[in-house]
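Using the sequences and the hints given, assemble the complete structure.
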Amino acid sequence: MKTLLLVYVHGFKGGATTFADFPGHMEFQLKKLYKASDTAVKIATIVYPPYETKGNLEDSVRTFVTFLETAVIDYEVANGTHSPVVSPSVGVILVAHSMGGLVVSDATIEILARDANYVFPKVIGLLCFDSPFLGLHASVFAQDVLGRGAAKFKELQSASSAVPLTAAASYLFAKKSKEQPKREGEKVEEKKTNWGKIAGLAAAGIATTAAAAAGTAWYLKSQNVDLNWAQEHLVFVGAIFKKPAVLRERLWTLFQSRQRVQMIDYFTVIQPKEDSSNNSQQAGDVDPAQVAKGLGKLVSGEGDGKRTFCNIPKEVPYSEFYVPAENPQAQGEIEAHITMFEMGKNPKYRPMLMNCVERVSGWASGFLSSQ
Numbered sequence: 001m002k003t004l005l006l007v008y009v010h011g012f013k014g015g016a017t018t019f020a021d022f023p024g025h026m027e028f029q030l031k032k033l034y035k036a037s038d039t040a041v042k043i044a045t046i047v048y049p050p051y052e053t054k055g056n057l058e059d060s061v062r063t064f065v066t067f068l069e070t071a072v073i074d075y076e077v078a079n080g081t082h083s084p085v086v087s088p089s090v091g092v093i094l095v096a097h098s099m100g101g102l103v104v105s106d107a108t109i110e111i112l113a114r115d116a117n118y119v120f121p122k123v124i125g126l127l128c129f130d131s132p133f134l135g136l137h138a139s140v141f142a143q144d145v146l147g148r149g150a151a152k153f154k155e156l157q158s159a160s161s162a163v164p165l166t167a168a169a170s171y172l173f174a175k176k177s178k179e180q181p182k183r184e185g186e187k188v189e190e191k192k193t194n195w196g197k198i199a200g201l202a203a204a205g206i207a208t209t210a211a212a213a214a215g216t217a218w219y220l221k222s223q224n225v226d227l228n229w230a231q232e233h234l235v236f237v238g239a240i241f242k243k244p245a246v247l248r249e250r251l252w253t254l255f256q257s258r259q260r261v262q263m264i265d266y267f268t269v270i271q272p273k274e275d276s277s278n279n280s281q282q283a284g285d286v287d288p289a290q291v292a293k294g295l296g297k298l299v300s301g302e303g304d305g306k307r308t309f310c311n312i313p314k315e316v317p318y319s320e321f322y323v324p325a326e327n328p329q330a331q332g333e334i335e336a337h338i339t340m341f342e343m344g345k346n347p348k349y350r351p352m353l354m355n356c357v358e359r360v361s362g363w364a365s366g367f368l369s370s371q
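Residues 1 to 371, numbered by the UniProt record's numbering, are exactly what the sequence shown covers, in order.
For the record, the hints were derived by calculation from the structure and aren't laboratory data.
We put the beta carbon where it would ideally sit given N, CA and C, even for glycine.
Where hints are given, some of them may not hold.
[To be verified] Per label pair, the in silico range of CB-to-CB distance: (1) D74 <-> D115: 20 to 30 Å; (2) A113 <-> M343: 30 to 40 Å; (3) V246 <-> M343: 11 to 21 Å; (4) I73 <-> P328: 41 to 51 Å; (5) N117 <-> L33: 25 to 35 Å.
Right, dumping it as structure tokens:
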């Protein structure tokens, strides 16, 4: 008997509820699929517990690798496997949302680098959802600015002359001191993620560059934000604000390893509004396209008219990792991003689910048929 283990990893500030009922639906459909076949396989699911989304991404990766190794060894022991490394009985599918995709991809790269012939834990594939491997799309920040109003945007444009690049990024990071832990070590009750502010925190990730550091410090101080608290989180999110060439290295490594591990990234797509006049009027006649173009320099890539949460590459082989996941109901990129796994808010949920089932079964076929 072999075990197909699906491990779910949430993203920045995510938690146990990130994937909603998706893990259960995946497990049900896979069990149904393999029950109808001659393949003897056990389907198991683990949702990675909330981790500290602050500090270096590398630290989160190491923590996850240790967690994964321990979990897989437990299953291998339960299966009575004689040689888990040479002949593993547990095949792993890593399922990740948002920044969780960076965690699982870097973890996989670390595992692959250990041995040229064997992979342990036996990671078969990475099923990612809206993971910003190449950064966030400029439209995310443009819509955020428009939602806050043109007056504030113009104020920031004026401030940006004194603080290059930083005003818009800092402005999007509108986290007040009352929303922070009052003292170090204080346990804060987990609440439903406020992605309007989370996106702002991500935008401020550019503050990790020397050019913007001083201005961002000025802004955060003016907003009574604890700089030490902010820096820990900005370092983690700053992983997606590196140069495009650096961000592509991760995908290139995975592309070169495609004979050993598969990966795909489902990215949310929402339809551009046919009439943007209402938005422009509400925002003081600020053109969304112009805002996106202006903010595009703060992120990797430029706005291309498509409304997506992540930057999507056009060139191969990078584009081969990406599969569109439309949400005709979502009103904005952030809404589409956080409702990917909610049937009531994502009309395309079931087609996405069934596509994932088909993809996972295809990836696992070689492992399940091997001796």
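Going down the list of hints, with the structure as the test:
1. D74 <-> D115: 20 to 30 Å: The hinted range 20 to 30 Å holds for D74 and D115, with Cβ atoms some 21 Å apart.
2. A113 <-> M343: 30 to 40 Å: With Cβ atoms ~39 Å apart, the hint holds.
3. V246 <-> M343: 11 to 21 Å: This hint is violated: roughly 37 Å between Cβ atoms.
4. I73 <-> P328: 41 to 51 Å: 44 Å, holds
5. N117 <-> L33: 25 to 35 Å: Hint holds: Cβ distance 30 Å, inside 25 to 35 Å.
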